[in-house]
Each structure stands twice: as structure tokens, then as C-alpha cells.
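K.L.:
Those sequence lines, one after another, are chains Z and Y.
This note's numbering numbers the first residue of the first sequence as 1 and each following residue consecutively.
This note's numbering numbers the first residue of the second sequence as 211 and each following residue consecutively.
Accuracy of the hints is not assured; some may be wrong.
[What the hints assert, rightly or not] A few chain Z positions that, by computed beta-carbon distances, are all more than 10 Å from chain Y: (1) A21; (2) N31; (3) E55; (4) A61; (5) K89; (6) N107; (7) K131; (8) T139; (9) R158; (10) D162.
[To be verified] Derived lysine to aspartate or glutamate pairs resembling DMTMM-like cross-links, with alpha carbons at most 25 Å apart: (11) K71(Z) to D266(Y); (12) K403(Y) to E159(Z); (13) K131(Z) to D193(Z); (14) K412(Y) to D62(Z); (15) K78(Z) to D18(Z); (16) K52(Z) to E546(Y); (17) K71(Z) to E130(Z); (18) K52(Z) to E130(Z); (19) K403(Y) to E72(Z); (20) K450(Y) to E68(Z); (21) K416(Y) to D18(Z); (22) K450(Y) to D193(Z); (23) K270(Y) to D305(Y); (24) K412(Y) to E35(Z); (25) K344(Y) to E237(Y); (26) K71(Z) to E55(Z); (27) K450(Y) to E188(Z).
Hint data in this document are derived by calculation from the structure and do not stem from the laboratory.
For clarity, every value in this text was computed on a predicted model and none was experimentally measured.
The beta-carbon is built from N, C-alpha and C at its ideal position, and this holds for glycine as well.
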Amino acid sequence: MNESILAVRKAIDELDLDGIAAIVEKCLEENLSPEEVIEEGISKGLETVGRKFEEGEYFLADLIMAGEVAKEVMPILKAKMRHGDDNSKGKVILATVAGDIHEIGKNIVGLILSANGFEVIDLGVDVSAEKIIDTAKTTGARLLGLSALLTTMVGSIREVVDASRAAGLRDKVKIVIGGACTSENLCEEMGADAYGETAIDALRIFTSYT
Amino acid sequence: MHSKERIINTFEGKPVDRVPTFCAMVEDRTFNEALGKPLIPQEWLLTNPLARYVLDRWGKQLTRPVFQVELNRALEKRIRAQVELGFDSVWAILDETFIVLDSETMARFTGSIFNIQPDGYGNMTYMYRGPGIKSREDFESWPYWPDVDDLAHRTYRFFRKMVSKYGNRTCLFGQGPAYGIQESLLWALGFEKMPVWIRREKDLVKRYIDFNEEICLKTNMALLDAGVPVILQSDDFAFKSGPLMNPRLIDELFGPSYRRIIKAVHDRGAKYVLHSCGDNTLLFDTFISWGVDGLHAYENTSNVDIFSEKKLHGDKVTIIGGVGVDYLLTDRSKDEEVDAEVKKLIAELGPGGRFVIAPVHSLSTIPAQKLRVMVDAVARYGAYPISLS
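Chain Y with its partners taken away, still in its complex shape (with noise of 0.2 Å):
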């Protein structure tokens, strides 16, 4: 059975062969060695005088000619590796989002601003600094809202190239430059001053949201335009103690924007993942009457039980991930630990399919021989019908 056949009929509740694969992106430690690549520290870049200057002189210039290429560079590489460990689907984010304002600041189009820093392993990486948007001028005059017909061409031209690359050897899960709906709007406005905008700013918030469903839905289209057959949209609805909000503010207030999203993808053929970190335990019923075909929401640091929810929603939803990234797929564990967790989490979540095995996130400590251990683990016990005790 083909990657995609597989991926496809576990969506849809169809008998397969075996347990389908799923990767939760590779970050550059981890595609560079499954590549049998070099590391090339980049992080010179941020401690180099000339590099710094170059960064803080010419930052925004250089975004798109310069950054945005290697960085779509380093995504076909991650598509790539994750190919060629074998999974049958994979993530792919064209994070075309960004703009460098200086060697240690960059601001994504939607409103956020993100510290550039180390990652650890010789690399960089960002992290979440603070909102953008602090006051109502602040959004009006916001300077890097998008044109979001370009991003969708250039979401077509990138992910076209890439289906007719690995298409036929796997499963794209895409995702354009859009990040959630209320991901994005939380970084733009700040956790801590969300909840005031939201009861004083309704419009402000709404046209927030109706403009983010527009990036959403027309990156989407160029996905599905470019051959994509599965969507896969990363939105945090949770922290590891729960939701940030009611879950029935959250119907409110973004559900109509995923429902119309959803029914678009629909329409069109194709399938829509969720991605949403945290214990989403109070939101799945929210999520699933949304439309998604599949969640890649059970992080198992947090309270969330995959195993409850296969149960409970199993029927209706395929249940993506079990495999954990804070110890499993790590350095420190043993590889029969990863061949048993598989073993475990397969005869547990197998029977009755609508179940895709994966790593619960992306992490930039994922050695690659350890998802080859898992990739292999799910070889040896994953064809149907499932007789593991």
C-alpha cells in the first residue's frame, strides 16, 4: 500500500495494511544527521561583530532574498530526511513569516516579535519575546501586514516543486506561512492583555481574526492547488494545565473561521490536521465539531490521556502521536525502550485503526538513529490486524 493510500484511508476509517507514520517536523540537528550532513553552525551569526552588523544594517533587506531562500533550503532538506527515515507522512511549514529587524530581534507579519537566538547544538532559533501590537494605533500602523495573494504564490510555487519531488513517496502534511488563528493573535497581543482586547477591542479583534482566516484559506487553496492532499494547521489552544480559555469562547470566537477553513479543505478533496500543544482534554469535542479529520494534540507531558481519547473519540477522529520527545526520542533513552513504547502504544491504539503513530512535537534534541528505531519498531509490529498482547 502507498504512503499516501495508507494516510489516507486511516483518515476516512478504511482498512490498512499497517499502522500509518507520521513526522512532527525535524529540526536541523536531526535532518542533517539523518542526511549523513555536517552540522554548519550558524550560530557565528549572532556573535561575529561583522555578521552582527551586516544583521542590523541590512536585516529586513536581506529577509527575503537571503534568509527566506536558505530557509526554504534547510525545509527541503527536513522534508527530505524525513523521506528518507521512511515515515509515511510528513510536516512541512513554509515559514515564510518572518521579517530580521536586527541580529537579535526578528517580527512575524501577524504582529509578534521574537528574540533570534542559539538553539544549543550550534544553531539558531527564535523564541517568542513579546507582542507587537500594544495599543490600537499600534495595529493600525503595524508595517509588515502581508499581501497575502503573494504568499499564496509562493506557497504554490514551493510546495508544487516539493509534490513533484517526494510526492510520490509520501504523504505531504502543509502547512503555508499561517501560523493558528489564536496563536497568532496571543503573540501579536500578549497572553497577559488577550483576554482585555477581546472585551474591549471586539472589532479590532475581529477583523484580526477575519484577516488571519483570509492568510489561512488562501495559503490553503495554493497547498491544495499545489497537490498537497493534507493540511496540517499548528494552532496552541492549551497549556500543559489545560486551555487558556473557555473552551466555549474559543467556539466562539475562532470556530467560524476553522469551520469555513475546514468545509474549503473539504470541498476540495483533501484532509485537515490540527496541531495544538498543551493538555486539549476540554476542547477536543470543540475541535472535532470543527470538521478536523485528524489531532496531533496529545502531548504527553501534559495531563492529556491518548489512551481515554482513543476511546472516547477514536470514531470519529484519527488520533496522531504517542510518541514522546522528552525522554523517548531523546539521547538518553535506550533504543528497546522506543521499540518497546512503540510495541505498547500500537497494540494499545491500533485495533480499530485511526490511529497515525508519530512523534508528539519537533525538538531540536531528536537524534535521528531514534526515530529510524521507531520507524522500524513500527515495521515490525504494526500490520493489521494488530495480534500484540
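So here's chain Z without its partners, still in its complex pose (with noise of 0.2 Å):
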């Protein structure tokens, strides 16, 4: 493995913020390709934290900072890219549901999602079902992370899910739950495809769905 890429990974699992971008500037001054960098670089470092994150030795600020040291060479990598590339895994929409305002989580999902090559749509919170379904219907986007905090508030979780299925669009989404007050029960509950309690879980739910 090329010494410059073995350096970003290491960058990354490291969460060195100040030094990727010099490690990401030689790789491409070495004339390797900037998808290279990403898929073997960047998205491994990830996955190394990912690991690490679960086994206790990270916590969820170390996955944040994870996010932002990849977000940090992001705009530098696809400056190099050529026009009329898409190294995009897809797009997904996130939304906290309708009647709840915690957005922590989601935007969470969102920077590991976006470090690791995927297009987010955020559409904030309090979103309703009708918005929801609109923007997979106008972007195209196939992939739906709905977080909800309140226990009140799940019931607007099957609520996207029935207008997903009034729009045509149920068997062409995939949509995954995550939040305080979610769980593998209420996924099966709402007929949601997947629940993921943490922001690698649900890196792990999007890119199988690719």
C-alpha cells in the first residue's frame, strides 16, 4: 500500500484535523487520483474509528471529530476530481419527524454519511410526512434516515411510511429509523426496513442498500 494513503487512513483514525490536509496534498502532488484517497484512504481511516467506536474506544465525540477531519479535505479532493465524475454512493434524505426538534443524532448520521461519499439531504427537523415523500420524489433520492426523540412523536415515523406507499414509492425507498426512543421493535412496528442505534450502524444500513 502506497505510504502517502497508509498516512491518511492513519490521519484519519488518529482524528489529526490540523494534519490531513498536507498528508491529502502529497498524495495528490504523488499523482494518485483523488477516489483512490477517499476509498482507501479517508474511508478506511473511517472505518477503523467506526471499529473502534463500537468497541468502546472511541466515544461519540471522537466519531465527530472523525467526520470533520474527513470533512476537512473533502472540498480539496473533489476540486481534482474531473467533471462529469460521481463517486456519490447515493443520496440520502434525513429528517427529524414531524413534532420533534432533536437534531444531535441526525446530524451526526449525516457527517459520517457525508464523509464516507454519500449525497445528504437534510431536511431539518420537524418535517412532515408530505415534505418527506416530496424531496425523494423530486431529487430521486432512494434512501429515507427518519430520527425521532420523543416517544410521542414515533407515531409520524409510520405516518412517512404510509406516504411513501400513497406516492407510489414504498417498494422504491428504503427507510431506516434511529433516535432515543427507537428500536428493532418499533422498525418492525412502523414497517420501516432497518433501525440503527448508532451513526455506524446506520453508514453500515445505507451502504448495504447500494
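Make one complex out of these two single chains by using the hints.
P.N.:
Rendered as C-alpha cells:
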């Protein structure tokens, strides 16, 4: 493996926010393609961080920092991509469901998905089922991530599932839920496709759909 | 044995006559029920066009002379309700920490923005919206930093009155207008950005922590001057899944401040309790190393195991909590279930002392009647020596 690519992985793993830019610049000077830096360097580094998070070595703040480290160099890499290249893993719509305004978890998921090459369409908080499905129609996004913290608002998840069915999209979209009040049981009860407890779970689930 | 003696002896690991009780703040519904008062809805302030106009136009000006005065009246009712429910110790937070900006928005003076919204029971509550400080410029120009000496003075005045009214009937756990140093930082900067600030803006983060330490220290000293025997500080260090940050980093950033604050409280002969939500399992050693006397940090809906913690740390710190607010202290449970859980908690956590039975948190859904059932059950089963199987 190229030394510079390994250095990118290491910078992500060590959460080196201030050092990553110079390392990525060096990769590009060595004529490594931006795609290779993303796939072999950044994504693999994030995998290591995700594993450490799941094993309890890293904490939520470290996970966020790893996403920030990756975000730090994405503009540099995107600027070097040839026009027309699309290395996006797909569009994901993220939203906190209607009636709920909590967004920390959703934002962390967005950060991790973006850092891993997904195009994230973040609709914010307190988002109606209608808006979510309209956005899926207009953008062509087929992956939906719904966040809910308040137990009283879980019904809003079912509204999105029902709205996708009414719009004839239920077989085309994957609906993934997460947040403090959600669970595998709730996922089944609401008719969603998957439940993710952490941002790393969400990444794994959305990646499996691509 | 007097409630205060029962609580202080428990913190000191000395014998007491029965397991003491603590009430984790009661919300509007609960204290009105406890006092036999009708719930006067305030939600109309959020929907009535005239009321909204007044809040939009004069919210800031009305904050201190109207809203804070009203909130302090409500706080006194909370204290009275907890006392009348028969709790040995009660939590009182003087929440003079906010400024109403308009009919939907309030700012905490330490840099964060909250929504004003209905609580589902006809009252108003607030919910974190986001950070108020998004740049160094925002920090330098934040318009609502408080006058700390004025805060301390107001804290003294309010609690002096509470101690003289209720000090002989209960053990007051006081919290001045000072939220936790870590959670204030998190709210001010936003959790998604806080790790970057900690890395890149070390001097600013240190200034923020130092300022909040000063707020805590001065308001705590005012509480002690007023005769409050126990300081209770809320600072949520964990999520349901565990600590937000590496415990080493938490200790490095916030440990020095908390050590100084707790030492100052101990130097005055008072006790110090920390409240932290979430799964704090990895943080208990850190909290104990800061010198806390008690921990109200065992949320039953997280993965924290209060029974293991009693075995691990019950000789060093008083464990406060046990009774869940997700089911037991709701309208959905049966009285017999509350009674049985209290009996079980006392049987398992009571022996050896250093246990105060309490709701794990406050919540607007707690019926006063269920708190009565809890207190009655403690009276029935809690006498030392514990002889429950």
C-alpha cells in the first residue's frame, strides 16, 4: 500500500484535524487519484474509527471529530475530480420527524454519511411526511433516514411509511429509523426497513443498500 | 430523626433510622396535583395573538420583572409540594438563567438558544434549539453574559427565604442559576461542533469553562450563606449509550473546576451532589475522584446498573435514585408495582447505607399520587436494619 494513503488512514484514525490537509495534498502531488484517496484512505480510516467506537475505545465526540477530519479535505479532493465524475454512493434524505426538534443524532449520522461519500439531503427538524416524500420524488433519493427522540412522536414515522406507499414509492425507497425512542421492535411496528442504534450502524445499513 | 440529619448521616456513612428519600424536582402538573391546586394553563401565551405580540415586542424587558418572578413563585410551589409529599430532601433550581427573546425563543445567558413550547399538559416548557455561539466573534459579542455578583445576590435572597420557610421540614438540595459547566459548553457551541472547538479554540474554551466555574462557585457560596446544606449540580455528561467524550478528556477539561468547586463547598461543611443523565458507568470513578458526596446519575433507561454500582462504589459515594419515571412513576403503572419496586430497591440497595431512594429524573408526566405511593412504601419497608428478603 502507498505510504501516503496509509498516512491518510492514520490521520483519520488519530483524528488529526490540523495535519490531514498536507497529507492529502501530498497524495495528489504523487498523482494518486482523488477517488483512490477517498476509497483507500479516508473510508478505510473511518472504518477503523467506527470499529474503535463500537469497541468502546472511541467516544461519540471522537466519531464526530473523525467526520470533521474527513470533511476538512473533501473540498480539496472534489476540486481535483474530473468534471462529470460522480463518486457519490447515493442520495440520502435525513429528517427529524414531525413534532420532534432533536437533531444532534441526525446531524452526526449526516456527518458520517457525507464523509463516506453519500450525498446527504438534510431536511432539518419537525419535517412533515409530505415534505419528505416530495423531496424523494424531486431528488430521486431512495434512501430515507428518520430520526425521533420523543416517544410521543413515533407515529410520525408511520406517516412517512404510509405516505411513501400512497405515492407509489414504498418498494423503491428504504426507510431507516434511529433515535432515543426507536428500536428494532418499533421499526417492525412502523413498517420501516431497518433500525440503527448508532451512526456507524446507519452507515453500515445505508452502504448495504447501495 | 430529622430529615436533614438522616440525609447528612447517609452521606457520611453513619447510621440512620430509615432509607431517606429525595425528590428530583416536580413539574407543573405534579406540584399542582400535590398541592390540590387546579392546573392553570399557560399555553395560551403561545397561541393568543395579543400575548404573542407582547412577547415578541417586550419579551426581553419582561423577563426579569415578570417571567422570572413568576418562575420563582412556581419554584416555591415545587418546594412546598415536595415537602408536603413527605420527601426528606428536595431539589430546587433557581432558573434565573434565561432571557425571553420572542414568543418562541429564549436564550440562556451562557450562550444557548431554546424553543418555548407547550409541554402537553397545558403549560409551557422549553427545549434546546441550538448553539448561540457559532464563531469566535459570537463569543466575544454575546450580549447576555450575566453579572455574576448579581446572580449570587439573587440566589442568596431566594434561598434565604426558602431555608427559613422549609429548612426545618426538609433537607434542601440547592442549585443556583448555574447549569453544569460541561453541558453549558455543549449547549453554547453545539455538540456537533464542540469537539472541534476543544481542539482548535483552546483558549476560548478555557475562558468559557473558567467563567462558568466562577458562576458555580459564587452562586454555591450564596446558597451556603443562605443556609442550604447540600449543593446539587446538574451536568449531563452521558447519552443513553455512554459518555459523550473520553472520560480522560472530561477529567482534563472539567475536573480542575469541579475539584475546586467541591473543595470550596466541603470547606464550608456542606455536601455536594452531582446529577448526570445517561449511562455514566465509565465516569463514576472520575466523579468520585472530584470529591462528590452523592450521585444522582443512574437513569434506568440507559445501560447503567445501579445494583452493580452500589457494590462497586457504595462505600465511597451515596447512590441516589432507583425509581424509574418511564413507567413506574406514570399514570400507566399500578400502585402495587411502585410498592414492589420500592421494596426491591430497599432490599438490595439499603443494606450498608449510603443509599437515598428517589425518582431517577424529573418529568412532566409524573402523577403526585404515585410519588405518595413511593413515599408510603419507603415508610413501610425502609426502616433500618433492613430485614427484607
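K.L.:
Confirm or reject each hint.
P.N.:
Quick rundown of the hints versus the structure:
no. : hint               : in the structure
1   : A21                : holds, 13 Å
2   : N31                : holds, 31 Å
3   : E55                : holds, 12 Å
4   : A61                : violated, 4 Å
5   : K89                : holds, 21 Å
6   : N107               : violated, 5 Å
7   : K131               : holds, 19 Å
8   : T139               : holds, 23 Å
9   : R158               : holds, 20 Å
10  : D162               : holds, 24 Å
11  : K71(Z) to D266(Y)  : violated, 39 Å
12  : K403(Y) to E159(Z) : violated, 32 Å
13  : K131(Z) to D193(Z) : holds, 20 Å
14  : K412(Y) to D62(Z)  : holds, 17 Å
15  : K78(Z) to D18(Z)   : holds, 19 Å
16  : K52(Z) to E546(Y)  : violated, 44 Å
17  : K71(Z) to E130(Z)  : violated, 31 Å
18  : K52(Z) to E130(Z)  : violated, 38 Å
19  : K403(Y) to E72(Z)  : holds, 13 Å
20  : K450(Y) to E68(Z)  : holds, 23 Å
21  : K416(Y) to D18(Z)  : holds, 20 Å
22  : K450(Y) to D193(Z) : holds, 23 Å
23  : K270(Y) to D305(Y) : holds, 16 Å
24  : K412(Y) to E35(Z)  : violated, 34 Å
25  : K344(Y) to E237(Y) : violated, 32 Å
26  : K71(Z) to E55(Z)   : holds, 24 Å
27  : K450(Y) to E188(Z) : holds, 22 Å
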